[in-house]
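Position chains H, E and V against the provided structure of chain U, taking the given hints into account.
If you read the sequences in order, they're chains U, H, E and V.
This note's numbering numbers the first residue of the first sequence as -6 and each following residue consecutively.
This note's numbering numbers the first residue of the second sequence as -6 and each following residue consecutively.
This note's numbering numbers the first residue of the third sequence as -6 and each following residue consecutively.
This note's numbering numbers the first residue of the fourth sequence as -6 and each following residue consecutively.
If you're looking for bench data, these hints aren't it; they were derived computationally from the structure.
Any given hint might turn out to be false.
Each pair may be met inside one copy or between any two copies, as identical chains are not told apart.
[Claimed, not checked] Pairs of lysine-lysine, DSS-like flavour, derived with a Cα cap of 27 Å: (1) K78 / K9; (2) K78 / K100; (3) K140 / K78; (4) K13 / K(-2); (5) K(-4) / K130; (6) K199 / K130; (7) K140 / K324; (8) K71 / K163; (9) K(-2) / K78; (10) K140 / K199; (11) K132 / K199; (12) K9 / K163; (13) K13 / K(-4); (14) K100 / K163; (15) K163 / K130; (16) K132 / K329; (17) K9 / K(-4); (18) K78 / K13; (19) K71 / K140.
One letter stands for each residue in the lines below.
Protein chains: 4
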Amino acid sequence: MEKIKVGIVGLGRLGKEYAKNLIYRIPSADLIAACSISGEELEFARTELEIPHLFEDFDEMLQLQDLEAVFVISSTNKHAEHIVKALEAGLHVYSEKPLSSSVEACKQVEAIAAQYPDQLAVVGFVRRFDPSYRYAKQKVDEGAIGKPYLVRSQTIDKDTVAEWQIQYVKNSGGIFHDYNVHDIDLARWFLGAEVESVWSIGGAYKYPAFAEAGDADHVMSTCRFDNGAMAVLNAGRTAMVGHDTYTEIVGTLGTLRIGRPATINRVELYDQHGARQECVETFWDRFEEAFLRIAEDFLACIQEGRQPALSLADARQATIVAEACTRSFQKGEIVKVGEVT
Amino acid sequence: MEKIKVGIVGLGRLGKEYAKNLIYRIPSADLIAACSISGEELEFARTELEIPHLFEDFDEMLQLQDLEAVFVISSTNKHAEHIVKALEAGLHVYSEKPLSSSVEACKQVEAIAAQYPDQLAVVGFVRRFDPSYRYAKQKVDEGAIGKPYLVRSQTIDKDTVAEWQIQYVKNSGGIFHDYNVHDIDLARWFLGAEVESVWSIGGAYKYPAFAEAGDADHVMSTCRFDNGAMAVLNAGRTAMVGHDTYTEIVGTLGTLRIGRPATINRVELYDQHGARQECVETFWDRFEEAFLRIAEDFLACIQEGRQPALSLADARQATIVAEACTRSFQKGEIVKVGEVT
Amino acid sequence: MEKIKVGIVGLGRLGKEYAKNLIYRIPSADLIAACSISGEELEFARTELEIPHLFEDFDEMLQLQDLEAVFVISSTNKHAEHIVKALEAGLHVYSEKPLSSSVEACKQVEAIAAQYPDQLAVVGFVRRFDPSYRYAKQKVDEGAIGKPYLVRSQTIDKDTVAEWQIQYVKNSGGIFHDYNVHDIDLARWFLGAEVESVWSIGGAYKYPAFAEAGDADHVMSTCRFDNGAMAVLNAGRTAMVGHDTYTEIVGTLGTLRIGRPATINRVELYDQHGARQECVETFWDRFEEAFLRIAEDFLACIQEGRQPALSLADARQATIVAEACTRSFQKGEIVKVGEVT
Amino acid sequence: MEKIKVGIVGLGRLGKEYAKNLIYRIPSADLIAACSISGEELEFARTELEIPHLFEDFDEMLQLQDLEAVFVISSTNKHAEHIVKALEAGLHVYSEKPLSSSVEACKQVEAIAAQYPDQLAVVGFVRRFDPSYRYAKQKVDEGAIGKPYLVRSQTIDKDTVAEWQIQYVKNSGGIFHDYNVHDIDLARWFLGAEVESVWSIGGAYKYPAFAEAGDADHVMSTCRFDNGAMAVLNAGRTAMVGHDTYTEIVGTLGTLRIGRPATINRVELYDQHGARQECVETFWDRFEEAFLRIAEDFLACIQEGRQPALSLADARQATIVAEACTRSFQKGEIVKVGEVT
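So here's chain U without its partners, still in its complex pose (with noise of 0.2 Å):
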């Protein structure tokens, strides 16, 4: 089959693990063009990766003759834009998430997305191709744990990023946007209905300086679905022990529960510490496979002429409850989801 011609914006560390994987590991892909606002970024592009095109303007790497699809990996306040105009190209496009932390910006692209109906738009929340996760879903669809009531889910850092996301988290959107959007798409994935309300504490409790940025480096919020089935949803900076990431969810048959903890392999340690093992440092070391299967799964899409199974609305109502999540950890009460759309 024909290899997908496609281009990237943005070669942030992220960026360049994408980058590397659609250049050595996705035979379907075409890796032709590359755009960054870094020439530190765009050098590594030429001489490491020899991407053949380099752009430091969005709208130039756009007019590309025979650009297929591109891979927006930009900043996230930049996504939605990127998008948009990918869009307007005539380009598929994959967004890293999350699509925006406004609501509103998110229902625009929707709009000019229904524009583009044979272009595809996909939000990549990658876990839903973790081979994990892929498991569980298919065990509770078969209903191997009879009907889900409960999620519980958490994205945590190790310790080692908080100093760098002190710097990072006036841009991200915070901590619901930034990482329990990953823990929202998850409930609803599982769950299969909507959030209705939330309840969202947290704090500051190791380093006073996410306080003061008006973030939290540990929050947890209780979600209420409109089936009456429930979420509660951690996210943190601070893990001793690696990135501390799983999910867990309870149906009236059975309970399933994945990755906790993060290890790293198979090798257990017996020594002086304990009977031990280590775990998983970063999202990529522990969701490396994950972010290989849905490029591959969007090309393939492309290729196919078939829909992704993620939707931008997934990514929409991802938005909409980290929204309200946010507002009701800045009110102290309850908000119910209605309120923010």
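Just chains H, E and V now, with coordinates in the frame of chain U:
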């Protein structure tokens, strides 16, 4: 050392186990009397346990010469009355939890107990005496996980108890008073703070009969503490794996998990169902040793003239928070604990 | 039921624990006498345990009026003599393992015991009374793993005991007699067959002093049974994680693993060392409950006039195989067990 | 970098997987040719894999212009011949294990390969390329467990393969050559020493047909190494839990365990069967990534002009020890490895 002459009121399933511990496994106890309104229970006490003095009337038992302490293992709605009478009869008294599901009753018992400062009055939050919980508390106190700021704790019975619980729920005070008082007590113990406000949600996800009785088969309470710390407490009646009760404590330097899965023993099976461990059936199977240790400790406190770590104030606080959870569940709103007291 | 009047010989570390079980935790026992050649041990018996009758001379203790049973917890090289004397004095006798490291001595004790068919004589292979081992045996007997054909079992002490063991090894009969007798007994128990030939290898991998004493710090014995089944038994003195003792049974329909890792309790830590569980320090920490149960069972057998499951023949067979292992280790050849008997 | 033009011989189940890796997942490979004696396999290569050049005759494929390297995934008894022919045709060659079950043949291949020092000749002991095994090796090399002195390693297939293996065993060289070569290679790798003598026992415990074919369904080999270290290696065909393959390395300062249980993924189930994890079905499920990595590494060695870590000498040593095990199993005696060479 002299044995302590002990009486017991209530010889239901749990009362029988207390009696057997006092007879066979606690050398410092001399169980000389038992009281029950059930002929079958008294017959068991006479023929199986060979307890010398048997009573249908609690007041009569209290007049028994030489009696020094009473174990109140009667039905929940009798605890407060039996504690007060035992105190007024000059005896030390140990009561099963909860003290009462009425906050008012808790306070009355506390006030009366204050008039008998030389007599012990203890409500049995047994989990504090489970070896794993004690070990975890010691670790926390030593600073192993830094400052704790989040507790997750749950009390979930095996599905097989549901049918019986449907009958029992009318007299139990409901799932928050009957199940979550343990988790409330543990959260207070580990966090060293008091609950300020709660939001409780849940439903009868598997057995609608619980909803008809004004109760639920799974509930989840989010708690905000007066020092900013958090807890999320679950209670349920539908676990298939066994009695699925555990606690997790998250601190600034690490996390402790106690007792999940609640394996029966140290045996693992590798067979067509996978690599697996079987789990305990009931709370007794899980906390058998804790029930022994707490009774031993109560008697040791009497012998050594020291105060037990658990006070009636602990029991009262647990009831207050359970009552706040109950009201929140009924109203669908956040309830401030201050409103309950 | 009447308490059984019991004496004990040997109040070293293990003897003290037996005595405490008999006094504080086994209501059917009345520990009226103790014997030791150590002044310190007798002083402990008088002041801490308040045992009424104390003896320096074992023969004198045996003449004590009313004595019904003796626990032999003396040094290994005294077990056989003490058992015989107790039997000749008309008493029931329980002895710590091994019966003797001399096959000849084992047979002599058996022959003498046969003359006293109304008196019990038991050697304490405690692991058979550990709740997890009992559960596993029941599973095997129920056919849960089909026909068992392979046992892996090991007894490995924490490194911290090595220094002390170097002194002790001269009197212990060596690592096969001292450590592996347990594993040999378990392999016979689970496989229901007798060892036919063995090959034992090993060395002093960490502490050369064991080699100088003609012993080892890690040995491994491969056993072929008379029904074709297999076992591999390890013993060691250098584990860092704790007392690393476990058993695995492989059958035609599944595998059972008992007790690895040998965790202290149900607490897990998530910290900079990974997701981990701490392990027991000593065999006592691991098998404390088994030591209690085996003593209870011995006394119950006396009271109920039934034979214990463990016979002197079991003890003799364990010694025979341990001796075959010792010879194989020394000669570097396969040794047929038939040559040892 | 230029892609390497590759051919493959053998497109059975494993050959198909190698081919797919070379086509879809390894950008440095250009799979231009395939050879098979099976019409069905060639048809698959044409229609499913679209490999341009297809051959029934291996010699013809070797004459294909531009071919640079050959993957030998033919039946075990053809490996040696195919390796030699590929070398003589001037090609680099990678072969599935074992090199041969004949020690003589191994030595002949080694001698011939020595005449082509500029061409790579590698036998694929894939486990060395499994991420967990690599991590463990690195830990050992860093001294994390001190000096390793004991390896336990096993290769046990799921029961479901037994029926097929009964047919296949006649051509496989037997269970030691077919299964345990992996474990032998790993033991040599981790211990850094050579096997000096072995004792192998076992039987057809579940499927008598293996005994009739002169083979077994579970075997266990005890190995003594020339530096005094030990290994115990198991191989079997009857596991119910899945492909139950793992390795443990014991050193003076700690123990490493790799891959037990061999879980499918990170999902745990809590249901009526207990707290459990499902396990992989086949060695491919377990070592899929290792098969990818070893092929990548072979091609990278060609591109970078470096020698692979695995040598034909490693393959020859594995065959020698497997042969010693086979003889020991047949004779019922210890076999010195020196006698085999």
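These are the hints, each one checked on the structure:
Taking the shortest alpha-carbon separations for K78 and K9, only the intra-copy value of 22 Å comes in at or below 27 Å, while the best inter-copy value is 43 Å. Taking CA atoms no more than 27 Å apart as the test, K78 paired with K100 passes inside one copy only; the shortest distance there is 15 Å, against 65 Å between copies. Taking the shortest alpha-carbon separations for K140 and K78, neither the intra-copy value of 42 Å nor the inter-copy value of 48 Å comes in at or below 27 Å. With identical chains, the CA atoms of K13 and K(-2) are at most 27 Å apart both within one copy (15 Å) and between copies (23 Å).
In this homomeric assembly, K(-4) and K130 never come within 27 Å of each other (Cα to Cα): the closest approach is 30 Å inside a single copy and 39 Å across copies. Proximity of K199 and K130 under a CA criterion of 27 Å is satisfied inter-copy only: 21 Å between copies versus 35 Å inside one chain copy. Taking identical chains as interchangeable, the C-alpha atoms of K140 and K324 lie at most 27 Å apart only when they sit on different chains, with a minimum of 26 Å there against 33 Å within one chain. Taking CA atoms no more than 27 Å apart as the test, K71 paired with K163 passes inside one copy only; the shortest distance there is 14 Å, against 57 Å between copies.
In the homo-oligomer, the alpha carbons of K(-2) and K78 lie at most 27 Å apart inside one protomer (17 Å), although the nearest pairing across protomers, at 41 Å, exceeds that limit. Taking identical chains as interchangeable, the C-alpha atoms of K140 and K199 lie at most 27 Å apart only when they sit on different chains, with a minimum of 9 Å there against 38 Å within one chain. Taking identical chains as interchangeable, the C-alpha atoms of K132 and K199 lie at most 27 Å apart only when they sit on different chains, with a minimum of 19 Å there against 38 Å within one chain. When the C-alpha separation of K9 and K163 is checked against a cutoff of 27 Å, the pair qualifies only within one copy, where the shortest distance is 23 Å, while the shortest distance between copies is 51 Å.
For a Cα distance limit of 27 Å, the shortest separation of K13 from K(-4) qualifies both inside one copy, at 16 Å, and across copies, at 17 Å. Within a single copy, K100 and K163 get their C-alpha atoms as close as 23 Å, which meets the 27 Å cut-off; across copies the closest is 49 Å, which misses it. With identical chains, the CA atoms of K163 and K130 are never at most 27 Å apart, being 34 Å at best within one copy and 38 Å at best between copies. Within a single copy, K132 and K329 get their C-alpha atoms no closer than 31 Å, and across copies no closer than 40 Å, so neither meets the 27 Å cut-off.
Taking CA atoms no more than 27 Å apart as the test, K9 paired with K(-4) passes in both settings, with 20 Å inside one copy and 23 Å between copies. Proximity of K78 and K13 under a CA criterion of 27 Å is satisfied intra-copy only: 24 Å inside one chain copy versus 37 Å between copies. Taking the shortest Cα distances, K71 and K140 never come within 27 Å of each other, neither inside one copy (39 Å) nor across copies (38 Å).
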